[in-house]
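**Q** Whole structure, please, built from the sequences with the hints as guidance.
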Amino acid sequence: KLAAEFADELDTLGVRVAKLEKGADAVKITGNIRYHYAQHDNSGKHENNLRSRIFINGQVNDDWTYTGMLEHNHAFNNDDNDETNTKFQRAFLTGKVGGAKVTAGRIYNLVAEGNIWDSRMDAVKLEYGKDVKVTAVAGKAIASSAKQNYGEYKSLELAAKSGIVALTAGYYDFADAETLAAEDKEIWAVSANMPLAKDLKLGAMYLMGDEEKGLDEDGYVLTLAYKGAKASAPGSWGLTAKYYDQPFATYTDHTMNGYADTFAADFSNTDGFKGYGLFANYALAKNIVAQVEYYDLEAREGKAEEETLWTQVVFTF
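So the numbering used here is basically just the index in the sequence shown, starting at one, shifted up by 9.
Hints are computed from structural coordinates only; laboratory data are not their basis.
Every value quoted in this text rests on a predicted model; they were computed, and no experiment measured them.
Please note: incorrect hints may appear among the correct ones.
Unchecked claim - Listed below are the simulated DSS-like cross-link pairs for lysine-lysine, each with C-alpha atoms no more than 30 Å apart in a straight line:
1. Lys-149 - Lys-283
2. Lys-142 - Lys-37
3. Lys-170 - Lys-110
4. Lys-96 - Lys-170
5. Lys-139 - Lys-110
6. Lys-96 - Lys-222
7. Lys-207 - Lys-163
8. Lys-207 - Lys-142
9. Lys-110 - Lys-239
10. Lys-105 - Lys-37
11. Lys-239 - Lys-37
12. Lys-139 - Lys-210
13. Lys-96 - Lys-110
14. Lys-139 - Lys-96
15. Lys-239 - Lys-163
16. Lys-236 - Lys-283
17. Lys-236 - Lys-295
18. Lys-163 - Lys-96
19. Lys-210 - Lys-170
20. Lys-222 - Lys-149
21. Lys-239 - Lys-170
22. Lys-105 - Lys-170
23. Lys-10 - Lys-37
24. Lys-295 - Lys-142
25. Lys-54 - Lys-37
26. Lys-207 - Lys-295
27. Lys-210 - Lys-283
28. Lys-54 - Lys-139
29. Lys-236 - Lys-142
30. Lys-105 - Lys-139
31. Lys-210 - Lys-142
32. Lys-139 - Lys-236
**A** As structure tokens, this is what we get:
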């Protein structure tokens, strides 16, 4: 009876609350803090670093959003001279134009699962389709750890699923690079990922570069992954093993925490790297995940080699 009597007032109150809730959701601030320690056995170098990230997400309208990321790094070890810096690493808009998803600005772009590139780009990214997805990116690639311009970048990627197998094929072009390690590169990649059993997945990727110095052009990466830690699920865990055989022609800024990019610096003697990586992660508590990584890598040419133990804890809020 009271609900019927005050129907108009309750309706008005509901509208006001809805407006308040919508306004409160217009801007969200999230973040994470990662502490990592790494030891590179053969070179004797180590890393001791604290990284903080603040993400700002704003709702422009029903179709468009804004994302920004502020990142602070502090290196405690002498190898990096106790370096500390704070930078605005990402700032981009995401929205819809026709049937396509558009992302434009300073974006984060993981190329070929990170086996080619894992860093920022000043670029425009277009994605179209669902079951069969086409992705095109054009812009400028920027190195993750140095003030280097890796040149103009463009790519075209096609992803689809055939039964239980997820397939991806792509073309990635880096041009007008300003650093010797990057060079101008054209890289093609084809990958397949499929479940072998419950929570067990197998992945294989073939990469081919355009090499004019008589070095190898063909490389591959194999991945076997079991489960995986989730920040929202305390006690969850995962194991992953990878094997890499990548000549310098097949990557530019690799995602791994091993010493892959170091072997690329002197490509005339090393021609990339090969070896394996082992990974384990565990959710210690809600929003707290620990990870251990071990790499045993060697140069594809010459005698360079490196073993790396990487440990990290990530706190998410």
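**Q** A separate judgement is required for each hint: does it hold in the structure or not?
**A** Tested hints:
1. Lys-149 - Lys-283: holds, 28 Å
2. Lys-142 - Lys-37: OK: Lys-142 and Lys-37 at ~29 Å, within 30 Å.
3. Lys-170 - Lys-110: Given pair Lys-170, Lys-110 holds - Cα atoms ~20 Å apart, limit 30 Å.
4. Lys-96 - Lys-170: violated, 38 Å
5. Lys-139 - Lys-110: holds, 11 Å
6. Lys-96 - Lys-222: Between Lys-96 and Lys-222 the Cα gap is close to 37 Å, so the pair fails against 30 Å, i.e. violated.
7. Lys-207 - Lys-163: With a Cα-Cα distance of about 37 Å, the restraint between Lys-207 and Lys-163 is violated, given a limit of 30 Å.
8. Lys-207 - Lys-142: holds, 26 Å
9. Lys-110 - Lys-239: Within the cut-off at roughly 27 Å; holds.
10. Lys-105 - Lys-37: holds, 21 Å
11. Lys-239 - Lys-37: holds, 21 Å
12. Lys-139 - Lys-210: holds, 22 Å
13. Lys-96 - Lys-110: holds, 27 Å
14. Lys-139 - Lys-96: Roughly 35 Å separates the two Cα atoms, so the pair is violated.
15. Lys-239 - Lys-163: violated, 33 Å
16. Lys-236 - Lys-283: holds, 25 Å
17. Lys-236 - Lys-295: holds, 17 Å
18. Lys-163 - Lys-96: holds, 25 Å
19. Lys-210 - Lys-170: holds, 15 Å
20. Lys-222 - Lys-149: Holds - the C-alpha atoms of Lys-149 and Lys-222 are around 25 Å apart, at most 30 Å.
21. Lys-239 - Lys-170: holds, 25 Å
22. Lys-105 - Lys-170: Distance ~24 Å between Lys-105 and Lys-170 Cα, so the pair holds.
23. Lys-10 - Lys-37: Answer violated: Lys-10 to Lys-37 is near 40 Å, above 30 Å.
24. Lys-295 - Lys-142: violated, 34 Å
25. Lys-54 - Lys-37: violated, 39 Å
26. Lys-207 - Lys-295: At roughly 24 Å apart (the allowed maximum being 30 Å), Lys-295 and Lys-207 satisfy the hint.
27. Lys-210 - Lys-283: With Cα atoms ~22 Å apart, Lys-210 and Lys-283 stay inside 30 Å; holds.
28. Lys-54 - Lys-139: violated, 45 Å
29. Lys-236 - Lys-142: It holds: about 26 Å lies between the C-alpha atoms, which stays within 30 Å.
30. Lys-105 - Lys-139: Holds, because 14 Å separates the two Cα atoms, which is no more than 30 Å.
31. Lys-210 - Lys-142: holds, 21 Å
32. Lys-139 - Lys-236: This hinted pair holds, its Cα atoms lying about 25 Å apart.
The structure fails hints 4, 6, 7, 14, 15, 23, 24, 25 and 28 (numbered hints given earlier, in ascending order).
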